[in-house]
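Asker: Be aware that the sequence shown starts at 0, since it is given in numbering that gives the first Met the number 0, and climbs by one per residue.
Since the hints were derived computationally from the structure, they do not count as laboratory data. Being a predicted model, the structure only gives us computed values, none of them experimental. Hints are supplied without guarantee of correctness; some may be wrong.
Using C-beta positions, here's what the derived DEER-type ranges look like [stated by the list, open to error]: (1) P78 / A227: 39 to 49 Å; (2) D272 / P57: 39 to 49 Å; (3) F269 / A80: 14 to 24 Å; (4) G22 / F396: 41 to 51 Å; (5) Q191 / D315: 46 to 56 Å; (6) F269 / R217: 52 to 62 Å.
Here are the computed lysine to any residue pairs in the SDA-like style, where the Cα-Cα straight-line distance is at most 20 Å [said to hold, decoys possible]: (7) K332 / L281; (8) K1 / R121; (9) K332 / F273; (10) K332 / E245; (11) K1 / E188; (12) K332 / H397; (13) K1 / G22; (14) K332 / G320; (15) K1 / A16; (16) K332 / A311; (17) K1 / L283; (18) K332 / D315; (19) K1 / V87; (20) K1 / A13; (21) K332 / Q234; (22) K332 / P400; (23) K332 / L259; (24) K332 / G255; (25) K332 / R303; (26) K332 / G377; (27) K1 / V128; (28) K1 / L124; (29) K1 / E155; (30) K332 / V270; (31) K332 / S277.
A virtual CB, placed ideally from N, CA and C, is assigned to each residue, including glycine.
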Amino acid sequence: MKGVIAAGDQHTAAAGAAILRRGGNAVDAAVAAAFASFIAEIGFVHLGGSGLAQLYDPATGQATVYDFFSNMPGLGRTPPAQLDFHRVTVDFGGATQDFHIGRASVAVPGNIFGLCQLAADRGSLSLDVLLEPALSLARDGLPLPPFQAYACSLLEPIFRHSPSVRAVFEREGRLLRGGERLFVPDLAETLQEIAAHGPDALRGGRLGQALLDDQASRGGLITPDDLAQYEVMRQTPIELSYRGYEVRLPGPPSGGGALLAFALKLLSRFVLDFPPNSAPHLRLLCEVQAAAQRARLIWERERRQDPAQALATLLDEAVIGEYAAAIRIAIAKQQPSSAPPEPTGPGNTSHLSVLDETGLAVSLTTTAGESAGFIVPGTGMIPNNMGGEADLHPQGFHVRPAGQRIPTMMTPIIVT
């Protein structure tokens, strides 16, 4: 099938393109590319992470959001007395930032559940075919792409934290360099299990048992109930018109779509009669971003009680009008509006977009945070550290109830 794919690495894109050439549709290509990205983009995303996707069906004109982000772990079990949860400080060369890693930083991974669900619902090829490109990369390894080497170097304390990750990311006592062979032991066998059994590999299979054994014996929180009760959410997106385009965004529990919808509605109140990237244009964009940051504080507080009502309030025309009036006053007085500091959460995500010849479109974003600093024994799976990111847990770590979906700012978009 003819189509086009854009992704974060050439190996990721090549995996999707190969599936299109075999007659797969946009969903098939997106799933194959995502699994390949867990190797090709190992500095950003991993099999043990989570994500969001949005599909647009031209036959119906409808879009569907697939939310397969992480749940808080701990269902059906009292937390262990001793948690494997500790802070590491990462030096970015002009600033330092603290992250939390270890077994108790791992939230319920959604990638396998979500990608398999996408393939089952809307794919046209079997899962074993879709995993062939990723399996090839896992069996043979690949030269570490320079950009991924750079990403790993930024998070060096995490990618050299334990013997299991050092076995993958170290060479002769130093971090793996761009162009040197990347190989993750046991990952090919794990992908073969997923190809054969789909999500049951994680829910009752060898992979899931290895994860549970490691969590139970080493201070983690994930339980059998966490894996058994995890569900991929299918949702209707937020839809709005913006300057002649129809924009579709993920809704709650994701926060990114709501805040981007707020920003677009706010920006639509202004006439853009100045050149792109001119001083007036940039000033307006800065003011809108500052307003979105102020609105986020209210959104974060209110969505804990009633996400639907919080969304309605955030996008209410009267509320948008109040923010627009404040921006006009600030611009007229030539005084920039104040805004709370931007969250210092990580930017470790990968995005890919696929469009096939029928018009079927997929927008898909995955993340593993910074990773948890270890590999689940015998699986090659690097877990996420979504339970240890301060921006996702403003009320404190391990406070959110077990089983609750962790909110994310990731925002895969469909525009028509």
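Asker: Hints first: check each against the structure and report whether it holds.
Answerer: Outcome of the hint check:
{"no.": "1", "hint": "P78 / A227: 39 to 49 Å", "in the structure": "violated, 18 Å"}
{"no.": "2", "hint": "D272 / P57: 39 to 49 Å", "in the structure": "violated, 34 Å"}
{"no.": "3", "hint": "F269 / A80: 14 to 24 Å", "in the structure": "violated, 56 Å"}
{"no.": "4", "hint": "G22 / F396: 41 to 51 Å", "in the structure": "holds, 47 Å"}
{"no.": "5", "hint": "Q191 / D315: 46 to 56 Å", "in the structure": "holds, 51 Å"}
{"no.": "6", "hint": "F269 / R217: 52 to 62 Å", "in the structure": "holds, 54 Å"}
{"no.": "7", "hint": "K332 / L281", "in the structure": "holds, 16 Å"}
{"no.": "8", "hint": "K1 / R121", "in the structure": "holds, 17 Å"}
{"no.": "9", "hint": "K332 / F273", "in the structure": "holds, 19 Å"}
{"no.": "10", "hint": "K332 / E245", "in the structure": "violated, 34 Å"}
{"no.": "11", "hint": "K1 / E188", "in the structure": "violated, 31 Å"}
{"no.": "12", "hint": "K332 / H397", "in the structure": "violated, 45 Å"}
{"no.": "13", "hint": "K1 / G22", "in the structure": "holds, 8 Å"}
{"no.": "14", "hint": "K332 / G320", "in the structure": "holds, 18 Å"}
{"no.": "15", "hint": "K1 / A16", "in the structure": "holds, 9 Å"}
{"no.": "16", "hint": "K332 / A311", "in the structure": "violated, 31 Å"}
{"no.": "17", "hint": "K1 / L283", "in the structure": "violated, 40 Å"}
{"no.": "18", "hint": "K332 / D315", "in the structure": "violated, 26 Å"}
{"no.": "19", "hint": "K1 / V87", "in the structure": "violated, 46 Å"}
{"no.": "20", "hint": "K1 / A13", "in the structure": "holds, 14 Å"}
{"no.": "21", "hint": "K332 / Q234", "in the structure": "violated, 43 Å"}
{"no.": "22", "hint": "K332 / P400", "in the structure": "violated, 46 Å"}
{"no.": "23", "hint": "K332 / L259", "in the structure": "violated, 26 Å"}
{"no.": "24", "hint": "K332 / G255", "in the structure": "violated, 30 Å"}
{"no.": "25", "hint": "K332 / R303", "in the structure": "violated, 36 Å"}
{"no.": "26", "hint": "K332 / G377", "in the structure": "violated, 63 Å"}
{"no.": "27", "hint": "K1 / V128", "in the structure": "holds, 18 Å"}
{"no.": "28", "hint": "K1 / L124", "in the structure": "holds, 15 Å"}
{"no.": "29", "hint": "K1 / E155", "in the structure": "violated, 40 Å"}
{"no.": "30", "hint": "K332 / V270", "in the structure": "holds, 18 Å"}
{"no.": "31", "hint": "K332 / S277", "in the structure": "holds, 19 Å"}
Violated hints, listed in ascending order, are 1, 2, 3, 10, 11, 12, 16, 17, 18, 19, 21, 22, 23, 24, 25, 26 and 29; each of the other numbered hints is respected by the structure.
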